[in-house]
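Student: Here's the letter readout for the chains.
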Amino acid sequence: MPGPTATPVSVPAAPLGGACRRGWRGRRTGAPGGLLLAGLGVAALSLLPIVFLVLEVRGVSLSEAHRLLFRPRIGRLLTNTLGLVAASTVLCAVVGVAAAWCVERTELPGRRVWMVLLVLPLAIPEFVSSFGWVSFLPGLRGFGGALLVTVVAYYPFVFLPVAAVLRGTNPALEEVARGMGLSGWRAFWRVTLPQLRLPVLGGGLIIALHLLAEYGAFAQLRFPTFATEIYVEYQLGFDGASAAVLSLVLVLLSLALLTAEVAARGRGRYARVGGGATRPHRRVRLGRRAAAVLGGLTLLVVLALGVPLSALVYWVLQGSSSTLPSSSVWGATVTTLEYAAAAAAVTTVLALPVALLSVRYRGAAGRGIERTTYVPRALPGVVIGLAMVSFSLRSAHGLYQTSTLLVLAYAILFLPLAIIALRGPLAQVTPRIEDVARSLGLGPVRAFLRTTFPLLRSGIGAGAGLVFLSTVTELTGTLLLRPTGTETLATRFWTYASSLSYGAAAPYAAVMVGISALPAYLLIRRVDEAGA
Amino acid sequence: MNAISLRGVTRAYGTTPVLRGVDLDVESGAFAAILGVSGCGKSTLMRLIAGFDHVDGGTIDLGSVRVDDGHRALAPERRRVGYVPQEGALFPHLDVRANVAFGLPRRRRGQARVDELLDLVGIGGLQRHRPHELSGGQQQRVALARALATEPEVILLDEPFSALDPGLRAETRAEVRRAVKALGTTALLVTHDQDEALSCADLVAVLRDGVIVQAAPPRELYRAPSDVPLACFLGEANVVPATIEDGVAQTPLGPVRLRDAAGEGARGVVVLRPEELTLTAAGRDAGGANAEVGAVEFYGHDARVELRLDDPAGALPLIVRTGGHDAPEVGQRVVCAVGADGHFVGDGHAPDDLGRGTGTVAAA
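Here the protein sequences line up with chains A and B, keeping their order. Taking full-length UniProt numbering, I'd label the letters of the first sequence as residues 1 to 532. Taking full-length UniProt numbering, I'd label the letters of the second sequence as residues 1 to 364.
Bear in mind the hints are in silico, worked out from the structure with no lab data behind them. Since the model is a prediction, treat every value here as computed from it, not as a measurement. Incorrect hints may have been included.
One-sided and incomplete, this derived list gives chain B residues near chain A with beta-carbon spacing under 8 Å [claimed, not checked]: (1) E77; (2) F102; (3) Y222; (4) S226.
Pulled from the structure, derived: some chain B residues nowhere near chain A, Cβ distances all over 10 Å [to be verified]: (5) N2; (6) L134; (7) R321; (8) V335.
Backbone N, C-alpha and C fix where the C-beta goes; we use that ideal spot for every residue, glycine too.
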């Protein structure tokens, strides 16, 4: 073989012909210019709703804003919203922790089945489960009804992470506490419970944000909150000013929640000190308490799954006896899947540069861009919907009531899901492999596409899947932004359910639940595998 | 001709300077090593040469091509520099064959070429294995084959052996050196391991605080380090105060002949390696200084002996390596003599820990 020194140098005579342009070399972050530009674009998109919300509010005079804000109605909305957020979140935490402890730490018979049954309510959109309740008990109204429906719909957000932590913590911690003379109950209180702080806070935050944003369920339960009021005021009189002012209050509430959660989280990290494989925990014998535990869990599953599902089955059967336009179910399903696929694709593409910047280049720019894309977490669907309407009316006429605008709104709404799903797998891929690919003669883009990209498949799949399913069950934004004549499963369902045509509404809900069951199943499997 | 040539290379991260004017020349076909403690900037230097990072000032030439002048830099894919990072960084989604063929143009990705390269690094027959199925040493060899596949002018080895266990390390090191030499490729190895640098490189450049303090062939570097801390970094050393009289160094151990001439009357230290000192039992008049054995670490094939000289200027501790067969006992009286020419470092070069007697190895 000829020595490599004999091969002619393939670099052109002008030595710096294809050189990097120094100006584009972000010196602090080291991020390539193109990536930074893409990230900035995505961040700007994420800020779009806030910007147009502020523009709408600026159009309202101070005295007008004062009149809109300080009326008795607002006081009642505020008590309703905050009261429900507080009560429902706390109850969800109690129910979620108790159920997780029973499943993970006791000799409960059939615990894998319980695990599945207790997580499955996640597959039922809130407006479908409230539909189930209201269709059976038309008298279920107001605070009590809202509390019942939201607790049984949302407790899995606490149950899932708590179950994972209960399974993953080192049993030696509790054993040491018992060895120091603490009773089982006190050991739980002083050792186990503090370790559950982070999963409970995390789950609680998700629940509280959902409660602030929820429109469909509360509209059916006739329980006015900020979100329902904004929608109604917008729909009734196209009262942009009032809706905008109320939206701003709602956004501030969400931001306050996010801030409070960060503060409560603190710097706490529960590191596992010392290595060794995790031993399974010794399970508590239930003995005579078994009946009570089984009864409690059964009641929970009946309330969370049994009622909504049996309502769906009942009304589907009722409906099919009348004339059921099955072709429109099919049409709405296809439309929904198309929108969901488009939203998943667009959102994933937008998430990629942000995830790359935030994981690979921890500079100020990367961090700022990532945080900006999380801002929409504080924006309920109804607010994003209204802001996008305002955006299309003020600045982008061509987009008003187009599918493009709707997909953009989905992307803004669900971008954090896709970014979070990408971050984990991306952090596990060493950037060195791209360096190696560069030194083997590949340009930056091809180096990425041939090394890192193939390794991100799981993250891309997970993120796209989450966005897809969130889009399928999205109601409020879709109602506000869909092109005239476009009907998705959610909007069809909503139209029929609102006009009390339960039989006609149920098939649409059944299809939505069927589609959402898949991610719930995958979630359960992941938690199950994490410990088993 | 030089394959790599650095002039005044500087690089800072924020306000922290990492490289503060590095000059280095590596001849074409040489196997060079950059030796330094962790955090001294050696990985940064490697990334600058590969083109993953760019210099703040100074120039980098590869062959006759100026690849970085502080204003414009040639993209890494156009530099013809192979790169073997720590841990190998094999592409986890590709098998061995596809890893090695990765940089080859499509028409040259034939079986024969890959076989040839894998045989060269001594692991033929692993084509279909996935990276996670290979041992650490095998991964490193695949990484080397992958880097050599595109016939680079220069190959950069970034601590490629540090993750391997000691036995495997020596074997892999020898194999890598043989493969690189067989192709005549210029190699630059970065390491924090003195033994590794001294045993496999033709040229060792020591990087300290962002500058190259000395670049020389291994023997010369070990025998004639430019200052005392460097001497101690490269291996255990006895640092003995000395004055030059009549062309020899006058020391508490008696007169010591020098390898290189030193100015008459100069004061400084003589660096003597433990294996350059000899011991004889007291009483037999062999010439040298009287001493008492303070401690003995017996290793079988040899022994490390700590001595305390009966020096009027203060008991000077010394370390001597002797063959295991004639290791003295603790407390024994011995005569210590110098069995080789010494290396003199004048006061001008010697930093503050001059009079400490024994230098200890900084990172053994």
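Student: The structure should be examined with respect to each hint, and the outcome stated for every one.
Tutor: Structure-based check of each hint:
1. E77: Holds. Min distance 5 Å.
2. F102: Result: holds, 6 Å to nearest chain A Cβ.
3. Y222: violated, 30 Å
4. S226: violated, 32 Å
5. N2: The claim holds: N2(B) sits with its nearest Cβ about 12 Å from chain A, beyond 10 Å.
6. L134: At about 16 Å from chain A, L134(B) clears the 10 Å cut-off, so the statement holds.
7. R321: holds, 39 Å
8. V335: Non-interface label on V335(B) holds, nearest chain A Cβ at 53 Å vs cutoff 10 Å.
Hint compliance for this structure: hints 3, 4 are not met, and every other hint is.
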